[in-house]
Amino acid sequence: SSGSVEIDGIDIMDDAIAYKKKIGYLPEIPPLYSDMTVMEYLEFVCGIKYADTSCIEGILKEVRRTDVKDRLIKNLSKGYRQRVGIAQALIGNPKVIIFDEPTNGLDPKQVVEIRNLVKDLGRDHTVILSTHILSEVQLICDRIIIINQGRLVADEKTEDMEKIMTG
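What the sequence shown shows, in our numbering, is residues -4 to 162, in sequence order.
Everything labelled a hint here was simulated from the structure, so no lab data went into it. Some hints here could point you the wrong way.
Claimed, not checked - Once the Cα atoms are required to be at most 20 Å apart in a straight line, the calculated EDC-like pairs of lysine to aspartate or glutamate come out as: (1) 69 - 38; (2) 73 - 131; (3) 17 - 119; (4) 73 - 62; (5) 17 - 30; (6) 90 - 57; (7) 104 - 6; (8) 44 - 10; (9) 73 - 102; (10) 44 - 57; (11) 16 - 30.
Could you build the full structure based on these sequences and the hints that come with them?
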């Protein structure tokens, strides 16, 4: 209800467009247009984010899905659609990426692949992972922050998770 948030020295109240370019977001259910091809959809997202479409090929390589760029999104498996959702979050090379339950509903192989991808992305981006699956947090994250009813209740390194859970 009060305060401010800055990313890279930019406050959303000062320059909302520049601020939003610094953030990538993947909701639990990716906002995909199923009648578009993967390439058409990512080009559309580039337009929304004022990003150059030349980044798409590199992003598809990063999410390991260059093989489906010409397929309709509605013909992709849930795991592939999740990767397209991750790709759209990466458009514009944001500093901060927020993932909400990125492995929800995926088969075990896809869960491992998405976890590894999210962990890899954490090397070049600040990744905020919102999940209720504590084992996922332990496997992916270096730091755990728990917020309850808008209040920060824990901020610890992942290896101190036992302290978080019993404290």
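Out of the numbered hints, which ones does the structure contradict? Hints 5, 7, 11 not satisfied by this model.
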